[in-house]
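> UniProt numbering puts the last residue of the sequence shown at 688; the count rises by one with no breaks.
FYI, nobody ran anything at the bench for these hints, they're computed from the structure. Idealized CB from N, CA, C, for every residue including glycine. It cannot be assumed that every hint is accurate.
[To be verified] Derived pair list, reagent style SDA-like, types lysine to any residue, alpha-carbon separation capped at 25 Å: (1) Lys395 / Asn439; (2) Lys89 / Glu50; (3) Lys293 / Arg414; (4) Lys278 / Lys612; (5) Lys156 / Gly113; (6) Lys293 / Lys265; (7) Lys293 / Glu313; (8) Lys265 / Tyr592; (9) Lys389 / Ile424; (10) Lys293 / Leu274; (11) Lys379 / Ile424; (12) Lys363 / Ile424; (13) Lys612 / Glu50; (14) Lys277 / Pro537; (15) Lys373 / Asp442.
[Claimed, not checked] Listed next, with one range per pair, are the computed distances between beta-carbon atoms: (16) Gly164 / Ala290: 51 to 59 Å; (17) Lys32 / Glu227: 50 to 58 Å; (18) Cys73 / Glu390: 34 to 42 Å; (19) Arg422 / Ala535: 54 to 62 Å; (20) Lys379 / Phe62: 36 to 44 Å; (21) Phe473 / Asp407: 29 to 37 Å; (22) Tyr485 / Ala376: 33 to 41 Å; (23) Cys73 / Lys32: 52 to 60 Å; (24) Asn366 / Gly456: 36 to 44 Å; (25) Leu432 / Ser478: 18 to 26 Å; (26) Ala207 / Gly164: 23 to 31 Å; (27) Phe473 / Gly164: 46 to 54 Å; (28) Asp49 / Lys89: 51 to 59 Å; (29) Ser460 / Ser551: 49 to 57 Å.
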Amino acid sequence: VTSLSGLPQWEVEELPVEDLLLFEVAWEVTNKVGGIYTVIQTKARTTADEWGDSYFLIGPYFEQNMKTQVEQCEPVNEAVRRAVETMNKHGCQVHFGRWLIEGSPYVVLFDIGYSAWNLDRWKGDLWEACSVGIPYHDREANDMLIFGSLTAWFLKEVTDHVEGKHVIAQFHEWQAGTGLILSRARKLPIATIFTTHATLLGRYLCAANIDFYNHLDKFDIDKEAGERQIYHRYCMERASVHCAHVFTTVSEITAIEAEHMLKRKPDVVTPNGLNVKKFSAVHEFQNLHAMYKARIQDFVRGHFYGHLDFDLEKTLFFFIAGRYEFSNKGADIFLESLSRLNFLLRMHKSDVTVVVFFIMPAKTNNFNVETLKGQAVRKQLWDIAHSVKEKFGKKLYDALLRGEIPDMNNILDRDDITIMKRAIFSTQRQSLPPVTTHNMIDDSTDPILSTIRRIGLFNSRTDRVKVILHPEFLSSTSPLLPMDYEEFVRGCHLGVFPSYYEPWGYTPAECTVMGIPSVTTNLSGFGCFMQEHVADPTAYGIYIVDRRFRSPDDSCNQLTQFLYGFCKQSRRQRVIQRNRTERLSDLLDWRYLGRYYQHARHLTLSRAFPDKFHVELTSPPTTEGFKYPRPSSVPPSPSGSQASSPQSSDVEGDSDDERYDEEEEAERDRLNIKSPFALGHVPYRKKK
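Full structure from sequences and hints, please.
Put into structure tokens, the structure is as follows:
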């Protein structure tokens, strides 16, 4: 089968879901901890559409999550219903219902604390199964053992009562791995998949500022895990990997890591996707950008009161967001590059200002008083301006009705002038605008604040780069910046995520779906994915920093050049780039990326039940030979026709020889996106 773009389509017969049951097991089902929650939540709709009532999620029970996210109901499937009843009769507390997200999948939730009295017995079971002991003081590992033991018990009850159906169970991360180990040790008739989103030891080693990727083959794995007192967790993870029929991971870079850390090469790479929602109006996302940018500008007006000597129409908003992992998330290299960017902008006497937000939660006491005062001053000035405007408008209206041109010297009386002068005096401040919006508990040792002090970015008048640390996740109810994360992202110009350790990277992926350009690295799963699928990622607003084959200083210089080049773009070039970025969102849609999970399920069935299921080609889907094409318009990248010095943000910068046909380029991209992968033919058939 050949698509419009000339690439072979992935032709695969659907699995007979009426003869199968699919269970996905994860600690983050209804329980938001990190990125796995996003993976499962966004994938649920696509999987539920495909599998219907044969799809179930298994996770831990937390009362608050149950009350707010789950609608309790009775199981429709007879085997699941009997399994829940049996476990409840034997001293467990199992809850069943529908998770209130898109797709409304069924969830089975185990109360960990209610079954803790079995812990010692289950520790013995794990020791007998794989000779792994868990220390009594590691509460998290003990909770995972309880969760895994309950999962294995539940799957046994299901397989005992299921009639003529086969069971597939997919386990996410080491937290769910104990269930896989025990299921295999007890020889349950299930097909198992283990998915690692990041190796346990890899995260620890990268956090220790070790040159991780250049020494993958040199680590003494047992020694490193033992020194960090996570040897038992590492053993649980590695046993899960080797017990599974099929081992998958989320990116090529994590596959390389897993092969060295866990001693097994992944069978399938399953990239993470998102639910992509397209607007009916083609450029609605551009309108949202303008609307939310105005709200960020309001915050900046208040935060920089008394020092607002820069033009907000020529101001760009950059941001970095995520867990507060200073080195892993690339905050260190980002701050250093901002210092160099500030030097370049000042040296070229640029009128472009960059305001950078760090949205990374840390321990705080409360809001910074100076920051709250800034927003109060801004609101007061707005109220005064509105009041004077009303008064001015009424006098002007009355004069025009009388057929007179009003005397501008008399239209504002002395009281109005006095009020405005007092308002101006109220904006005076002796101190510089704060670099953080909250009072930090350990501000003297905080890595971001310490680096800001070292590089001297204190938001002075001469700085063209301003820094704001917001050590709290965004919320629409905040008195400072009342915006949700999605609204904030849409209002910014560029997301910067120069991570050193990022198995996938949902933050740049979310930027792409919202049409916002982003910076990522070739050590993130997302960056590798885009390098593989896009011929000129920069033209599509995906800037990929080389942190694997360059020194830290060279990587920092490359990031600085990316940021500086972005500052030199005209408004029109940024609009063109955002249009291209938004069109890449189809690459990240679960409707396309879900096929990788589909292949993993085919493969595990053929390995678990070789006498009943067969897959002709077991090679995973490949993308070899495909590149999302370079835009044919001139310039090939918005930075291609720039002058040597920065232009102002509102200069159109049009030239007669610059050809850009939005509709033609968009149509060509739509044809290419219809077949983004050249996938192997993996037909399924049930053996007679």
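> For each hint, tell me whether it holds in the structure or not.
Hint check:
1. Lys395 / Asn439: Roughly 47 Å between the alpha carbons, so the hint for Lys395 and Asn439 is violated.
2. Lys89 / Glu50: violated, 33 Å
3. Lys293 / Arg414: With a Cα-Cα distance of about 36 Å, the restraint between Lys293 and Arg414 is violated, given a limit of 25 Å.
4. Lys278 / Lys612: violated, 41 Å
5. Lys156 / Gly113: Holds, at roughly 21 Å.
6. Lys293 / Lys265: Violated, because 45 Å separates the two Cα atoms, which is more than 25 Å.
7. Lys293 / Glu313: holds, 10 Å
8. Lys265 / Tyr592: holds, 24 Å
9. Lys389 / Ile424: Between Lys389 and Ile424 the Cα gap is close to 16 Å, so the pair holds against 25 Å.
10. Lys293 / Leu274: This hinted pair holds, its Cα atoms lying about 24 Å apart.
11. Lys379 / Ile424: holds, 13 Å
12. Lys363 / Ile424: violated, 35 Å
13. Lys612 / Glu50: holds, 22 Å
14. Lys277 / Pro537: Judged against 25 Å, a Cα distance of about 22 Å means the pair holds.
15. Lys373 / Asp442: holds, 23 Å
16. Gly164 / Ala290: 51 to 59 Å: holds, 58 Å
17. Lys32 / Glu227: 50 to 58 Å: violated, 31 Å
18. Cys73 / Glu390: 34 to 42 Å: violated, 56 Å
19. Arg422 / Ala535: 54 to 62 Å: Given a distance of about 59 Å, which is inside 54 to 62 Å, the answer is holds.
20. Lys379 / Phe62: 36 to 44 Å: holds, 39 Å
21. Phe473 / Asp407: 29 to 37 Å: violated, 54 Å
22. Tyr485 / Ala376: 33 to 41 Å: With Cβ atoms ~25 Å apart, the hint is violated.
23. Cys73 / Lys32: 52 to 60 Å: violated, 22 Å
24. Asn366 / Gly456: 36 to 44 Å: The hinted range 36 to 44 Å is violated for Asn366 and Gly456, with Cβ atoms some 27 Å apart.
25. Leu432 / Ser478: 18 to 26 Å: Cβ of Leu432 to Cβ of Ser478: about 23 Å, so the range 18 to 26 Å holds.
26. Ala207 / Gly164: 23 to 31 Å: violated, 49 Å
27. Phe473 / Gly164: 46 to 54 Å: At 48 Å between Cβs, range holds.
28. Asp49 / Lys89: 51 to 59 Å: Violated - the Cβ-Cβ distance for Asp49 and Lys89, about 34 Å, lies outside 51 to 59 Å.
29. Ser460 / Ser551: 49 to 57 Å: Check failed, 31 Å falls outside 49 to 57 Å.
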